[in-house]
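**Student:** In case you want the letters, here they are:
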Amino acid sequence: MIDAGNTAWLITATALVLFMTLPGLSLFYGGLVRAENLLSVLMQCFGIACLVSVVWLVCAYSLAFSGGGAWIGDLSKALLSGMPRDAVAANTTLPETVFFMFQMTFAIITPALIVGAFVERMKFSAVLLFTLLWVLLVYVPVTHWIWGGGWLAERGLLDFAGGLVVHLTAGVTALVLAVLLGPRLGFPDEVKPPHAPWMTMVGACMLWVGWFGFNAGSALTAGADAGMAMTVTQISAATATLVWIGIEWAKFGKPSLVGAVTGTIAGLATITPASGFVGPGAALIIGLVGGAVCYFMVGVVKRRFKIDDALDVFAVHGVGGAIGILLTAVFMDAALGGVGFAEGNSMGAQAAIQLTGIGAVLLWSLVVSFIIAKVVHAVIGLRVSAETEEQGLDLRLHGERGYNM
Amino acid sequence: MKYIIAVIQPHRLDPVREALAGIGVQGLTVSEVRGFGRQKGQTEIYRGAEYNTQYVPKVKVEIAVDDEIADQVVEAVGNAARTGRIGDGKVFVLPLEGAMRVRTGEMGADAL
Chain A
1 MIDAGNTAWL ITATALVLFM TLPGLSLFYG GLVRAENLLS VLMQCFGIAC
51 LVSVVWLVCA YSLAFSGGGA WIGDLSKALL SGMPRDAVAA NTTLPETVFF
101 MFQMTFAIIT PALIVGAFVE RMKFSAVLLF TLLWVLLVYV PVTHWIWGGG
151 WLAERGLLDF AGGLVVHLTA GVTALVLAVL LGPRLGFPDE VKPPHAPWMT
201 MVGACMLWVG WFGFNAGSAL TAGADAGMAM TVTQISAATA TLVWIGIEWA
251 KFGKPSLVGA VTGTIAGLAT ITPASGFVGP GAALIIGLVG GAVCYFMVGV
301 VKRRFKIDDA LDVFAVHGVG GAIGILLTAV FMDAALGGVG FAEGNSMGAQ
351 AAIQLTGIGA VLLWSLVVSF IIAKVVHAVI GLRVSAETEE QGLDLRLHGE
401 RGYNM
Chain B
406 MKYIIAVIQP HRLDPVREAL AGIGVQGLTV SEVRGFGRQK GQTEIYRGAE
456 YNTQYVPKVK VEIAVDDEIA DQVVEAVGNA ARTGRIGDGK VFVLPLEGAM
506 RVRTGEMGAD AL
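Going line by line, the protein sequences match chains A and B.
Under my numbering, think of the first position of the first sequence as 1, with each following residue one higher.
Under my numbering, think of the first position of the second sequence as 406, with each following residue one higher.
In short, the hints are calculated from the structure, not lab data.
Incorrect hints may appear among the rest.
To be verified - Beta-carbon label-pair distances, calculated as ranges:
(1) B/441 x A/182: 26 to 32 Å
(2) B/495 x A/370: 32 to 38 Å
(3) A/300 x B/442: 53 to 59 Å
(4) B/445 x A/300: 28 to 34 Å
(5) B/447 x A/383: 30 to 36 Å
(6) A/367 x B/447: 51 to 57 Å
(7) A/386 x B/448: 44 to 50 Å
(8) B/445 x A/386: 37 to 43 Å
(9) A/180 x B/459: 27 to 33 Å
(10) A/381 x B/455: 30 to 36 Å
(11) B/493 x A/383: 41 to 47 Å
(12) A/47 x B/492: 52 to 58 Å
Claimed, not checked - DMTMM-like cross-link-like pairs, simulated, lysine to aspartate or glutamate; straight-line CA separation at most 25 Å:
(13) A/306 x A/400
(14) A/251 x B/455
(15) A/192 x A/390
(16) B/445 x A/390
(17) A/192 x B/472
(18) B/495 x B/472
Predicted, not measured: the structure shown is a model, and the values here were computed from it.
Just so it is clear, CB atoms sit at the ideal spot from N, CA and C, and this is done for glycine as well.
For reference, chain A alone in the conformation it holds in the complex (with noise of 0.2 Å):
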């Protein structure tokens, strides 16, 4: 039976979770790029936010979320076809549209997550076809496994809003598509800064507040559970934030924005797929690992790995995501303030499934990205010339500019 208050915080919610991608992440990674490449980065999350909502409404929804299949669902909602107006999403007291709508924004902003990666010199072309493909031979396995009663589901695998969904397998993407494209121009010693330290600031805030929407939406009603997540959210945010701050002060002297900015996602990220299991004290710890974690990951994949994956994607999301999705495990436990474990469960059989589902799903992601990437590299080519790439996407791609001064 459909209720009237959880339909609307679900409704509120899906807005939010929209405006995370358009235009939180937008301005986030485009403040990010440099100037001449400011509206590609506008123009890669905006086409993929309407290119993801039709291919949710043909057919990927329905793969994700109908039928009884381990691996996949089936075609039986293609389209939403034969869908009486007033149907109840399965398992919730939502209309379908709403569950519909909340999911498909889900299934836009992941994609979007992978754009920081390739940033300033991918094929708008390539960027819209890999999306395509990715979306459905990635993003709607892995989603039907864990949130569409498929085999991580079966063996009990908690994910609560998206720290595999979303995060690992955008992060593991990332890395895959940084390495086959190539880093950018100059890199590591002659790339340009940040054009617009203060946009990725506005940016990062529309997706803080979003988060609202994405974690405490997640509870799929508007009660307690929702209530506990969107706390446990603000404080995972803060802490990080912090820690990044301070890092940055006690190694450069100085703490910078864009750094400042970056705990916070982290902060978010980390918290994700715990955030309906866990209690606000666990929260605290879960923002301080995953602010310092992903600061050192960040330099890892940078310095170490020598892999342009420009905005950092794997290092904040695909860190970030699993280290949440194995803390989890350790601070669902109610004697830490949780949820407590389903019956039978223990910690360790609990971190042993999360386990199973970080490999599972950084092994997939891993695989079929590449073999994704490597089809749209042999049809129409992933890079851009390089003089394009000098000359910046904007002008060469999209005959415009950012700013005309």
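Put chain B on the given structure of chain A with help from the hints.
**Tutor:** Relative to chain A, chain B alone:
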């Protein structure tokens, strides 16, 4: 006549303008420019990565004046722009061969 070009720290522009107004300079041209001197750019750090900026933002002030007050102008610009730190800039003085006020067609020093 002399043509004086001063490349200064952007935040010293207003003091320079005030100092010049004080000694009777009637007009000047300002542009935002980038460059480097002994300062050799500066380092910015984003997410732990260092970016070396080759060129530092500066403001270029151009002033055309009579010979009599040229030295005074150079001195005024120097005093107003000086912070004592590296990167304060430079002032150049060039001979100026001619000038015209476009509206009236006046030539030479009368045009200044």
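**Student:** Taking the hints in turn, state whether each one holds.
**Tutor:** Taking the hints in turn, this is what the structure says about them:
no.: 1; hint: B/441 x A/182: 26 to 32 Å; in the structure: holds (30 Å)
no.: 2; hint: B/495 x A/370: 32 to 38 Å; in the structure: violated (55 Å)
no.: 3; hint: A/300 x B/442: 53 to 59 Å; in the structure: violated (37 Å)
no.: 4; hint: B/445 x A/300: 28 to 34 Å; in the structure: holds (30 Å)
no.: 5; hint: B/447 x A/383: 30 to 36 Å; in the structure: holds (32 Å)
no.: 6; hint: A/367 x B/447: 51 to 57 Å; in the structure: violated (44 Å)
no.: 7; hint: A/386 x B/448: 44 to 50 Å; in the structure: violated (27 Å)
no.: 8; hint: B/445 x A/386: 37 to 43 Å; in the structure: violated (28 Å)
no.: 9; hint: A/180 x B/459: 27 to 33 Å; in the structure: holds (31 Å)
no.: 10; hint: A/381 x B/455: 30 to 36 Å; in the structure: holds (33 Å)
no.: 11; hint: B/493 x A/383: 41 to 47 Å; in the structure: holds (44 Å)
no.: 12; hint: A/47 x B/492: 52 to 58 Å; in the structure: violated (43 Å)
no.: 13; hint: A/306 x A/400; in the structure: violated (32 Å)
no.: 14; hint: A/251 x B/455; in the structure: holds (12 Å)
no.: 15; hint: A/192 x A/390; in the structure: holds (11 Å)
no.: 16; hint: B/445 x A/390; in the structure: holds (24 Å)
no.: 17; hint: A/192 x B/472; in the structure: violated (44 Å)
no.: 18; hint: B/495 x B/472; in the structure: holds (20 Å)
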